[in-house]
Amino acid sequence: MNDYRTYLESIYDPRTFARKVNYIRYNFGADFSAGQRVLEIGPGLGEFITYCNRVGIHDVDIIDRDPGIAEYIRAKYRVEKLWTASAEDIPTIESELRSYDRIFMLHILEHVRKDLVVPVIQSLYRRLNPGGLLIMIIPNGGTPLAAVERYHDFTHEGAFSENSLRQIAQMANLPESTAEVRGYFIPPYELINLPRIAVQKALHLLLKLMMIANGSTHLKIYTPHLVLRIRRGGA
Numbered sequence: 007m008n009d010y011r012t013y014l015e016s017i018y019d020p021r022t023f024a025r026k027v028n029y030i031r032y033n034f035g036a037d038f039s040a041g042q043r044v045l046e047i048g049p050g051l052g053e054f055i056t057y058c059n060r061v062g063i064h065d066v067d068i069i070d071r072d073p074g075i076a077e078y079i080r081a082k083y084r085v086e087k088l089w090t091a092s093a094e095d096i097p098t099i100e101s102e103l104r105s106y107d108r109i110f111m112l113h114i115l116e117h118v119r120k121d122l123v124v125p126v127i128q129s130l131y132r133r134l135n136p137g138g139l140l141i142m143i144i145p146n147g148g149t150p151l152a153a154v155e156r157y158h159d160f161t162h163e164g165a166f167s168e169n170s171l172r173q174i175a176q177m178a179n180l181p182e183s184t185a186e187v188r189g190y191f192i193p194p195y196e197l198i199n200l201p202r203i204a205v206q207k208a209l210h211l212l213l214k215l216m217m218i219a220n221g222s223t224h225l226k227i228y229t230p231h232l233v234l235r236i237r238r239g240g241a
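For the sequence shown, counting from 1, position 60 maps to 66 in this note's numbering; every step adds exactly one.
Some hints could be false.
To be verified - Across the chosen pairs, the derived CB separations fall in these ranges:
no. : residue 1 : residue 2 : range
1   : Gly239    : Ile17     : 35 to 41 Å
2   : Asn169    : His113    : 37 to 43 Å
3   : Gln206    : Asp37     : 46 to 52 Å
4   : Thr98     : Glu15     : 27 to 33 Å
5   : Arg31     : Asp159    : 24 to 30 Å
Rather than coming from a laboratory, the hints here were simulated on the basis of the structure. Beta carbons: idealized from backbone N, C-alpha and C, even for Gly.
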């Protein structure tokens with residue numbers, strides 16, 4: 007069995023999988039609806055595809071660099087087109103991609119070399135239909151706890167703050183686009199999450215006060231992960 011797939015299966019149990027689906031539902035439920043065409047880069051074990059199928063989305067394309075994950079996803083889910091390629095290959099395979107209503111990347115951008123981040127975003131943006139939305143979830147490199155996310159994975163190439171994500175969107179110079187950075191929030195669907203939400207809010211307040219006391223420019227978003235949303239105009 008593929009090493010990366012083995013690793014994912016070692017940290018996923020049914021409850022973990024369900025929690026990941028709930029995060030997607032809570033943070034992006036208003037963005038997805040039946041009949042959309044969707045591209046996902048880096049599907050993991052399929053939590054996003056599972057959510058798409060639940061809301062009536064079945065026209066899904068996948069990009070993943072790992073042959074074992076690609077094989078698993080193709081066997082378990084209905085996938086229209088699948089490329090075994092990394093996110094860094096997207097500018098090269100752009101002409102093969104279809105046009106999409108939604109493009110989704112969960113914990114992928116931090117694995118892309120710095121010099122390729124803007125070209126990758128530009129290529130994906132060109133594949134959006136008018137009114138389409140590119141969604142990227144990235145570890146929040148602007149918080150004092152960012153080193154945990156940044157360095158626990160050797161394959162991470164970079165870190166991003168809310169400010170640097172806005173800079174990237176501006177540097178990409180995407181025509182008729184609107185960009186927004188927001189937090190990635192814990193869903194309140196399970197009882198165990200309620201104290202987590204309360205503690206997290208208290209921690210975020212403490213971090214904000216510490217940064218103000220230190221004379222630093224304080225952040226506006228303290229969640230462990232950020233969401234960069236880029237919408238294409240013209241709908």
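Results for each hint:
no.	hint	result
1	Gly239 to Ile17: 35 to 41 Å	39 Å, holds
2	Asn169 to His113: 37 to 43 Å	20 Å, violated
3	Gln206 to Asp37: 46 to 52 Å	23 Å, violated
4	Thr98 to Glu15: 27 to 33 Å	30 Å, holds
5	Arg31 to Asp159: 24 to 30 Å	25 Å, holds
This entry does not satisfy hints 2 and 3, going by the numbered hints stated previously.
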